[in-house]
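> The residues making up each chain are set out below.
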Amino acid sequence: MLHTVNKSPFESASLKVCLGLAKPGSDILLIEDGIYGALAGTIHTAMLAEATSAISVYALGPDLKARGLPEDRLIPGIKVVGYDGFVELACANDKVQSWL
Amino acid sequence: MLHTVNKSPFESASLKVCLGLAKPGSDILLIEDGIYGALAGTIHTAMLAEATSAISVYALGPDLKARGLPEDRLIPGIKVVGYDGFVELACANDKVQSWL
Amino acid sequence: MSETKKFMYINRRPPYGTVYPLEGLEVVLIGAAFEQDVCMAFISDGVFQLKQGQDTIESGMKNFSPTYRALGDYEVTRIYVERESLEERGLTEADLMPLTWEDEDDDWAEKPSIQIVSRTQLSDLLEEQDVVFNF
Amino acid sequence: MSETKKFMYINRRPPYGTVYPLEGLEVVLIGAAFEQDVCMAFISDGVFQLKQGQDTIESGMKNFSPTYRALGDYEVTRIYVERESLEERGLTEADLMPLTWEDEDDDWAEKPSIQIVSRTQLSDLLEEQDVVFNF
Amino acid sequence: MKLAVMVNEGPYTHQASDTAYNFIVAALAAGHEIFRVFFYHDGVNNGTRLSTPPQDDRHIVNRWSELSKAHDLDLVVCVAAAQRRGIVDPDEAKRNGKDSDNIAPGFRISGLGQLIEAGIQADRLLVFGD
Amino acid sequence: MKLAVMVNEGPYTHQASDTAYNFIVAALAAGHEIFRVFFYHDGVNNGTRLSTPPQDDRHIVNRWSELSKAHDLDLVVCVAAAQRRGIVDPDEAKRNGKDSDNIAPGFRISGLGQLIEAGIQADRLLVFGD
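Sequence lines, in order, name chains H, Z, L, B, D and G. The opening residue of the first sequence carries number 1 in our numbering; numbering runs sequentially from there. The opening residue of the second sequence carries number 1 in our numbering; numbering runs sequentially from there. The opening residue of the third sequence carries number 1 in our numbering; numbering runs sequentially from there. The opening residue of the fourth sequence carries number 1 in our numbering; numbering runs sequentially from there. The opening residue of the fifth sequence carries number 1 in our numbering; numbering runs sequentially from there. The opening residue of the sixth sequence carries number 1 in our numbering; numbering runs sequentially from there.
I should point out that these hints are in silico values taken from the structure, not numbers from a laboratory. For each residue, glycine too, the CB sits at the ideal point set by N, CA and C. Treat each hint with caution, since some may be false.
Quick partial rundown of chain L residues pointing at chain H, CB under 8 Å, derived from the structure [to be verified]: (1) 44; (2) 114; (3) 118; (4) 119; (5) 122; (6) 126; (7) 127; (8) 129; (9) 130; (10) 132; (11) 134.
Whole structure, please, built from the sequences with the hints as guidance.
Right, dumping it as structure tokens:
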């Protein structure tokens, strides 16, 4: 299943709650302010970096660009997709859960 | 000065940010979902309990009642006030900062 | 609409600070008429929605907590509450409103709707669903 | 309105996810006409508002980041950024847009508006204010 | 595939409405069917024709109306959520004794059953909110 | 004392509008002056007369209108925020080519200068939001 997270981990517990319930093999897509969770070198990096071994993590490119974050600032292994990739992820998974 | 916090510490960083910037001698009033920060026996209790030695902490009674939380569930030392007490705190302090 | 799907309504927010819990309940009640396989999950601050003794008179808001007691009549009989969320908040099952339903197949015996489940169990339940709503 | 008060505009949210930063800037620009003693503070995720290289074309939103560069022309010359908030987010001052103002009393020399301050310094500055806005 | 979308926040204040729009445009471009877009909570505020954003910004309401026209999109505003927030069509105005309405072209007001039906009929339900 | 209040969220969705109202009622009861209530961001949505909440719930918009009438409260809706969100008075409707307006009794639309002025003139500014 696909989980989306749209909140900054510095402000909201959404990403943490998502990681607590997402099963190995799940996909997580970070969108809107959720893309800050993808940043390397922050106090919250470890939480997501550990999860990337069992879970595929994606970040929405247009939201990264809006916020001035180039791909080389992200945790290694996180894949960047566009809105077309978002649609593909939604279709490839059997359902979508939005952690708002 | 009076600081108000209206977010649950389980979901938002507001209370933590407030405590990081509030000086000894300040007043903090927990309102709306912020009153969950006043609960004893939670994973976030220690953060506020430590602060009560230098800061006066208040919780808005009508918001506690709406959420079914009696006073005996609160961290010792936290005072419960009504909307009239909120007005008094706002006037007694030189300014009010709302941590939204 | 002959198909039957598994619907889960996830409640993750505390009551009154926002309207999401109240408007979420309205979806559940309307949804009951569609005879799908429905359950509710209360996690994170959502567990506070089920806290006993809510009294909104002084705050002037609408006390919608009695609606949870009506869920059994709408055949919403499986209400999962995450144990870890309760513990992190210093709550126990005794803090929650007792919610029940009447089992037609067991001489209308009154049975508890609330099931306290672990995070792992909830994760399994989530995986089984067809459609997930969040409020 | 002959009185002069100390105004601080605190920015605590990241850009684009919500409209608060954009509408907050509109308050600062209008407020500049009132000739009060004004400063801005960027803390928590608010520091992301000043990140260089914002490009909203693909998301279709309005890129309002150039407005920060105009603050100097509106005589908003003191922009405090909390060091701890930058560090927690893996950012350095080099990640921020360079914001400047021209000092009339120093032959219009261009001077930096951004001052990186510690949490303790910011706490002191907050205490000095008369009116505090949050966006 | 048949996709349904739920939008839970109003225009401008949160990015939810923008993301939902961009997602739908991409889904249509990929050949998918949008079964319905359901506006709930503050999402109902996407459906007011009285919005006039600054000229240098996107016009979120008009963008929905135009997308609806171009792709025959079913844009449904929840009646209960709309009543609380003051989004009304001519019928609702009459029923509630209001002297005017404000619904934008392409939107219709209907009940929560339309959301449940979308959940049942669509292959995927996507929720955008705060 | 002279108090000013800023309301940044719409009715029902967030408790901010309720808390602001209860605070103001208590302040008036204690003999304080309310210099102005300024509605910004989604707070402008408090000012629509098209709202019809369920009969067993409080009517937030009417409550503001009645409080304004009883205490001569100055309820100011920010024009820029209101334009984005579709809150218009007859003048704004004419200026922006809209066929109707929706402002509730007791509210007036004005500029952000009214907020700054409130900050300068009042002894305390209280902000209620999300």
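> Indicate, hint by hint, whether the structure satisfies it.
Tested hints:
no.	hint	result
1	44	6 Å, holds
2	114	19 Å, violated
3	118	11 Å, violated
4	119	6 Å, holds
5	122	6 Å, holds
6	126	6 Å, holds
7	127	6 Å, holds
8	129	7 Å, holds
9	130	6 Å, holds
10	132	5 Å, holds
11	134	6 Å, holds
Of the numbered hints given earlier, the model fails hints 2 and 3; all others are met.
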